[in-house]
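In case you want the letters, here they are:
There are 2 protein chains.
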Amino acid sequence: MNLGINLSFAIKRWVEPEVWAELVSRQLGLRLVQFTYDLLDPWWPAASRDAMAARVRRAAADGGLEIESAFSGLANYCFDGLLHPEAEGRSASLEWWKRAFDVAAAVGAKVSGRPLGGMSAADAADPHRRAQRYRDLLESVQELTVAAKQAGLQRLQVECTPLAREIPYTAEQSRKFLADLEAQCAVPVTLLVDIGHALYQPLYGPDARMPHWLHGLGRSIGAFHLQNTDFQSDSHWGWPDKRGLFDLANFAREVKEAGLEDVPAFLEIIYPFELADEAVLSNITSSVLHCRREYAQEAVAEQQPA
Amino acid sequence: MNLGINLSFAIKRWVEPEVWAELVSRQLGLRLVQFTYDLLDPWWPAASRDAMAARVRRAAADGGLEIESAFSGLANYCFDGLLHPEAEGRSASLEWWKRAFDVAAAVGAKVSGRPLGGMSAADAADPHRRAQRYRDLLESVQELTVAAKQAGLQRLQVECTPLAREIPYTAEQSRKFLADLEAQCAVPVTLLVDIGHALYQPLYGPDARMPHWLHGLGRSIGAFHLQNTDFQSDSHWGWPDKRGLFDLANFAREVKEAGLEDVPAFLEIIYPFELADEAVLSNITSSVLHCRREYAQEAVAEQQPA
Numbered sequence: 001m002n003l004g005i006n007l008s009f010a011i012k013r014w015v016e017p018e019v020w021a022e023l024v025s026r027q028l029g030l031r032l033v034q035f036t037y038d039l040l041d042p043w044w045p046a047a048s049r050d051a052m053a054a055r056v057r058r059a060a061a062d063g064g065l066e067i068e069s070a071f072s073g074l075a076n077y078c079f080d081g082l083l084h085p086e087a088e089g090r091s092a093s094l095e096w097w098k099r100a101f102d103v104a105a106a107v108g109a110k111v112s113g114r115p116l117g118g119m120s121a122a123d124a125a126d127p128h129r130r131a132q133r134y135r136d137l138l139e140s141v142q143e144l145t146v147a148a149k150q151a152g153l154q155r156l157q158v159e160c161t162p163l164a165r166e167i168p169y170t171a172e173q174s175r176k177f178l179a180d181l182e183a184q185c186a187v188p189v190t191l192l193v194d195i196g197h198a199l200y201q202p203l204y205g206p207d208a209r210m211p212h213w214l215h216g217l218g219r220s221i222g223a224f225h226l227q228n229t230d231f232q233s234d235s236h237w238g239w240p241d242k243r244g245l246f247d248l249a250n251f252a253r254e255v256k257e258a259g260l261e262d263v264p265a266f267l268e269i270i271y272p273f274e275l276a277d278e279a280v281l282s283n284i285t286s287s288v289l290h291c292r293r294e295y296a297q298e299a300v301a302e303q304q305p306a
Numbered sequence: 001m002n003l004g005i006n007l008s009f010a011i012k013r014w015v016e017p018e019v020w021a022e023l024v025s026r027q028l029g030l031r032l033v034q035f036t037y038d039l040l041d042p043w044w045p046a047a048s049r050d051a052m053a054a055r056v057r058r059a060a061a062d063g064g065l066e067i068e069s070a071f072s073g074l075a076n077y078c079f080d081g082l083l084h085p086e087a088e089g090r091s092a093s094l095e096w097w098k099r100a101f102d103v104a105a106a107v108g109a110k111v112s113g114r115p116l117g118g119m120s121a122a123d124a125a126d127p128h129r130r131a132q133r134y135r136d137l138l139e140s141v142q143e144l145t146v147a148a149k150q151a152g153l154q155r156l157q158v159e160c161t162p163l164a165r166e167i168p169y170t171a172e173q174s175r176k177f178l179a180d181l182e183a184q185c186a187v188p189v190t191l192l193v194d195i196g197h198a199l200y201q202p203l204y205g206p207d208a209r210m211p212h213w214l215h216g217l218g219r220s221i222g223a224f225h226l227q228n229t230d231f232q233s234d235s236h237w238g239w240p241d242k243r244g245l246f247d248l249a250n251f252a253r254e255v256k257e258a259g260l261e262d263v264p265a266f267l268e269i270i271y272p273f274e275l276a277d278e279a280v281l282s283n284i285t286s287s288v289l290h291c292r293r294e295y296a297q298e299a300v301a302e303q304q305p306a
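So the protein lines, in turn, are chains A and B.
Heads up, the first sequence is in this note's numbering, so the first residue is 1 and it goes up one at a time.
Heads up, the second sequence is in this note's numbering, so the first residue is 1 and it goes up one at a time.
Okay, chain A solo, but in the shape it has when bound (with noise of 0.2 Å):
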C-alpha cells in the first residue's frame, strides 16, 4: 500500500517548508507528500511564488520526502472553476491551472490535479445550457493538457465530487468523461477519488460502496483522498473521532482485491482554522498513526515515532 500525506492538516500553522517537512518525516514517519495550493497560492506573483516554490522543494528533498503531486485545498474549492457560467470565470480558471503546473514543476511534482468545478444551479437547471458546459470543458482539459506537458509534468489529475452540479460527480460519468477525452489529450488525464466524497449518502444513497467506484474506474485512479466520515457530509475527520464511522482497513482489502494497493493514498484532514494548534497536532498524529497500521498494515506502536 502506498500512503502518504495532503499537506492540508499544515496550513495557517506550520507553514514553513522546513517547518512541516520536519512533521511529516519525523512527527508523522511518512515521506510521500501530496502539495496543497493552500499553503502557496498559483495567483501569487510569479517572482514571489516561484521563489516560495523552491524553497519547498529544497525543504521535500533535505527532508527526505517526494512531493508526488500538487492539488488545490479548500481555497480555490470555493469557486466554479471551468464549470463558471460565465466565460470570464472559466477563462480565470484555465490561467489558475496553467499558474498551478507552473508551481507544480517547480516544488518537484509529477502530477497537477483538483476538480474542474461546478454549474450554477441555473446552468445545471438547462439541458442547453448543461450541454454546452460539458462540451467547453472538454476542450478546456484538451487544452490543460497541453499546458501541462509544456510544464514538464506527467499527467492532469481530476477530482471527482459529491455534488451533481460538478463533473465528474459518479463513476459512470467519469468513465464517460474520459473517454470523451481520449486521444485528444497531451498527458494522461486521471482521476483522484475521495472516500468521504465517493460514500456521500444524501448523494449516492445508503448503498454507496467503494469497490463500485475501484472496479467501475480501476487504472484510471490516479489517487485516493483519505478521510473518516459519517457518510452524511463531505467530513474530512480525523481519527480518532467520534462522530466517524468509516472503516480504513476494510477499505484497505478492497483496494488490495481491486488490484491498486501501488496507488498513492494521500490522507486529507481539514481542521477548522481556531482548533488549537496542540489539538491538530495530537490529531494529525493518531490519525497517520491509524493510517499506516490500517491501510498501509504497518506494525507501528501506540506512541508516536520518534
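Since the hints were made in silico from the structure, they are not lab data.
There may be inaccurate statements among the hints.
To be verified - Restricting the straight-line Cα-Cα distance to at most 25 Å, the calculated cross-link-like pairs of lysine-lysine (DSS-like) are: (1) A/110 - A/149; (2) A/242 - B/242; (3) A/98 - A/110; (4) B/176 - B/149; (5) A/98 - B/98; (6) A/98 - A/149.
Please build the complex by placing chain B on the supplied structure of chain A, with the hints as guidance.
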C-alpha cells in the same frame, strides 16, 4: 437596526449577479448587501474581473440593492495574509488587498475588508518575530489605507478572528491596534465583529459576552457578522439549527444599549458545498426571516415573502 446579508450563501450555486440579486430582494426581502470575494476573486485577470464586477453593479442597481461593502470569505481565509512568515507571502497579500479595492470600487461598495492574516505557529512562539510581524502589519495597513483612498473607498475594515495567532483577536488588542495606527491612515480603519468569533469559548472562556466587545470597541465597530453558533466552533450556521444556541433577540438589545443600532449587521451563513440547493434555499430563507423578526424586530409572517 440595520440588517443585511453577506452573499456567502450564494457561492457555487446562485452565482450569476441577476440570480442572487433576485433572491436577496424578492425571496429574502433585504436590500443591504455585503459582497463576498468568494464570488469574484480579486486575483482574476483585470479585464475579466472588471467585466464581471460591472455586471454585479448593474444587477444590484436593477434589484434595488445597496452593496455597502465587499469582504473576503472562505477562499482567502485559507492563507496567512499580511502575517505570512515569508516576505514574499506578505507582499502577495498586499497585492491581493489592492486588487480587492479595485473590485470593491467597481461593484459600487464604499468599504473593503477581511481578516488581516495569521502568524505561523513558529512565528507566534517567538517573541522577537511576533513583535516584528506586528510592526510590519501596522506599516502594511497604513500603506493600504492610501491605496483604499486612491481607489475611492471610504474605509478599510478589519475582521477580528478567534485565533491567538491572528491580529486582532481580542477587544483589548483591537483597541491597541487602532491606537497604534492612529493619525497615520489615509482613510479610517474600522472593525468587523463576528458574533461567532467573539463568543468562541475555547479561546475566550465560558463567560465571553457581547457587551464586552460592544462597549470596549464602540464606534470603532464598522459592521457585524451574524451567525448561529454553539460557541464551540466558528459555526456559521443558520436558523433553525438544532445545534445552535445564539439568542439573536438578546443581541439586538445589547446592540441598542450600546447605541450601535445603525451599524450594519450582515448575516453570514456558510453551507457545506455538498448540501443540496433546496436545503440551502430553505435554510437561508428561514434564517433571514429569523433575523428580520429577532434582530430587526420586523413584524414578518412565518411564510416566505412573495
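task: Against the structure, test the hints numbered earlier, and report the numbers of the ones violated in rising order.
output: Failing hints: none at all.
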